[in-house]
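As a plain string of letters, each chain reads:
Number of protein chains: 2
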Amino acid sequence: MEHRTKLTVAYLGAGFSGWQLQGDVRTVQGALEDALARLVGGRRVAVVGAGRTDAGVHARAQTAHLDLPVAIPATVLPQVLNSGLAADLRVRKAVSVPSSFHARKCALGKHYAYRIRWREPDLPWQGLRTAVAPPPVELRALKDACIRLVGRRDWASFTVPEVAHRSTVRTVFRIEPVEGRDGMAFHFFGEGFLRYQVRRMIGALLEVGRGRMNVAELEHLLDRPSPGAPLPTAPARGLTLERVYYRSSPKIAS
Amino acid sequence: MEHRTKLTVAYLGAGFSGWQLQGDVRTVQGALEDALARLVGGRRVAVVGAGRTDAGVHARAQTAHLDLPVAIPATVLPQVLNSGLAADLRVRKAVSVPSSFHARKCALGKHYAYRIRWREPDLPWQGLRTAVAPPPVELRALKDACIRLVGRRDWASFTVPEVAHRSTVRTVFRIEPVEGRDGMAFHFFGEGFLRYQVRRMIGALLEVGRGRMNVAELEHLLDRPSPGAPLPTAPARGLTLERVYYRSSPKIAS
Chain A
1 MEHRTKLTVA YLGAGFSGWQ LQGDVRTVQG ALEDALARLV GGRRVAVVGA GRTDAGVHAR
61 AQTAHLDLPV AIPATVLPQV LNSGLAADLR VRKAVSVPSS FHARKCALGK HYAYRIRWRE
121 PDLPWQGLRT AVAPPPVELR ALKDACIRLV GRRDWASFTV PEVAHRSTVR TVFRIEPVEG
181 RDGMAFHFFG EGFLRYQVRR MIGALLEVGR GRMNVAELEH LLDRPSPGAP LPTAPARGLT
241 LERVYYRSSP KIAS
Chain B
1 MEHRTKLTVA YLGAGFSGWQ LQGDVRTVQG ALEDALARLV GGRRVAVVGA GRTDAGVHAR
61 AQTAHLDLPV AIPATVLPQV LNSGLAADLR VRKAVSVPSS FHARKCALGK HYAYRIRWRE
121 PDLPWQGLRT AVAPPPVELR ALKDACIRLV GRRDWASFTV PEVAHRSTVR TVFRIEPVEG
181 RDGMAFHFFG EGFLRYQVRR MIGALLEVGR GRMNVAELEH LLDRPSPGAP LPTAPARGLT
241 LERVYYRSSP KIAS
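Quick mapping for you: the protein sequence lines, in order, are chains A and B.
Position one of the first sequence corresponds to residue 1 (this note's numbering), numbered consecutively onward.
Position one of the second sequence corresponds to residue 1 (this note's numbering), numbered consecutively onward.
Okay, chain A solo, but in the shape it has when bound (with noise of 0.2 Å):
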């Protein structure tokens, strides 16, 4: 008898190479199925994530979902693999769910954030989650540029030429920029997101601040949709996947 249980963990990007496993490289899925195995006594217990966040992506509340062979109540499980766990990889929650659920295949969206700061910060604790941006950056023209990139389109543009063999079509529902004292956030709500496609759209939201691309520029990315199109790539520094909403989270704003 197997019980399927739901994990929320957040982590600091800085100290993984992305979520997925990989060889000999600390990743979050790795840390979290080691600690998994040496709580069942050895037993591999795989951990499948609602998506795969890129080397230095950080995480508020990424979701996934494993199979325990064991039966350890849900409630106690974040503190006993917090104890096997290094500091910047927590275990929030965890709860039982029915077998049906899965953590990607049941998502229905994403809210990841953006983090921008005008200059370095001065102490390094301050800027753990945040991507340096010297200006100078026109927020009005990249606050405009926000409400472009909103809507069902083709993201191929923002994505890497690789995964251009599947659909690359997706809904953003809503961008949210938030102005704070020394940088900005902007807040991304959508069904799903391409690979690199939030440090992407990231990356073209500034080149229109800085006057380097017009809005015309930016919509013509959309329409012509392009794999490898030449727009920069914000630091995955600056990225943090937020949540991951289901049927029963409450419903995101549109």
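Do not take every clue at face value.
With a straight-line Cα cutoff of 25 Å, these simulated SDA-like cross-link-like pairs (lysine to any residue) come out [as the list claims (entries may be wrong)]:
| hint | chain 1 | residue 1 | chain 2 | residue 2 |
| --- | --- | --- | --- | --- |
| 1 | B | Lys93 | B | Gly109 |
| 2 | B | Lys93 | A | Tyr196 |
| 3 | B | Lys93 | A | Arg117 |
| 4 | A | Lys93 | B | Arg119 |
| 5 | B | Lys105 | B | Arg181 |
| 6 | B | Lys93 | A | Gln126 |
| 7 | B | Lys93 | A | Trp118 |
| 8 | B | Lys93 | A | Arg181 |
| 9 | B | Lys93 | A | Pro121 |
| 10 | A | Lys93 | B | Asp154 |
| 11 | B | Lys93 | A | Ala131 |
| 12 | A | Lys105 | A | Tyr196 |
| 13 | A | Lys93 | B | Asp122 |
| 14 | B | Lys93 | B | Ala74 |
| 15 | B | Lys93 | B | Leu39 |
| 16 | B | Lys93 | A | Lys105 |
| 17 | A | Lys93 | B | Ala131 |
| 18 | A | Lys93 | B | Glu120 |
| 19 | A | Lys143 | A | Met213 |
| 20 | B | Lys93 | A | Lys93 |
| 21 | A | Lys93 | B | Leu123 |
| 22 | A | Lys93 | A | Glu120 |
| 23 | B | Lys93 | A | Leu123 |
| 24 | B | Lys143 | B | Leu123 |
| 25 | A | Lys105 | A | Arg60 |
| 26 | B | Lys143 | B | Leu39 |
| 27 | A | Lys93 | B | Gln126 |
| 28 | B | Lys93 | A | Glu120 |
| 29 | B | Lys105 | B | Asp154 |
| 30 | A | Lys93 | B | Pro134 |
| 31 | A | Lys93 | B | Ala74 |
| 32 | B | Lys93 | B | Gly56 |
| 33 | A | Lys93 | B | Leu128 |
Calculated from the structure, these hints are not laboratory results.
Every value quoted in this text rests on a predicted model; they were computed, and no experiment measured them.
Since chain A is already given, all that's left is putting chain B on it; use the hints.
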């Protein structure tokens, strides 16, 4: 003509095997000297710290001096060095100083802070510079005990036996316990601290707060200094070197 320069640096301790240069491991001094060597064309420039922080210990304003063999204005040094350093180590300030300045020998005092949370933080970026000390802890007893650790005393019981052949007498000017929402911070001001001294002072204070040691036993550790006294050493993760005081720094209130 060499140019003596005083650096103020901040670092997150988790990624370093302490301050001091050692073989193949990553240390703060090593990272700074590597960055300087790249800057001055491969020549080794020694960086002399105000003190050695141990593996895992953080700094908000560690101080060091070095002799630059090239005429780079001190004001541009932080930006130039930071561009070659990882994000967990920042050069905050560089100023030209007389060649008589010595970061360790001229230091008049130090401020360390030790931060405690009562439970593991939910998010990995909340607890990077904080140790976890599970309740119950009697805060009144713990705060009252702080005053017992102030003054010019022999701290041999609070350090490791290896350093016991040197003088272990030091003056602690002041200890400030500050209660927070989820935990507590202790600010230690002193002329200097022995290896592990602050972490073992915290270890002792928590023993008092837990009712496992009384004030008489605490006094005994000071009255009869005994290297290797059975005291817990609080984890490095909670300790931050906040500041090093020199003649030109604002006076330490005592």
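Which hints, by number, does the structure contradict?
As far as the earlier hints go, 2, 5, 10, 16, 20, 22, 24, 26, 31 are violated by this structure, in ascending order.
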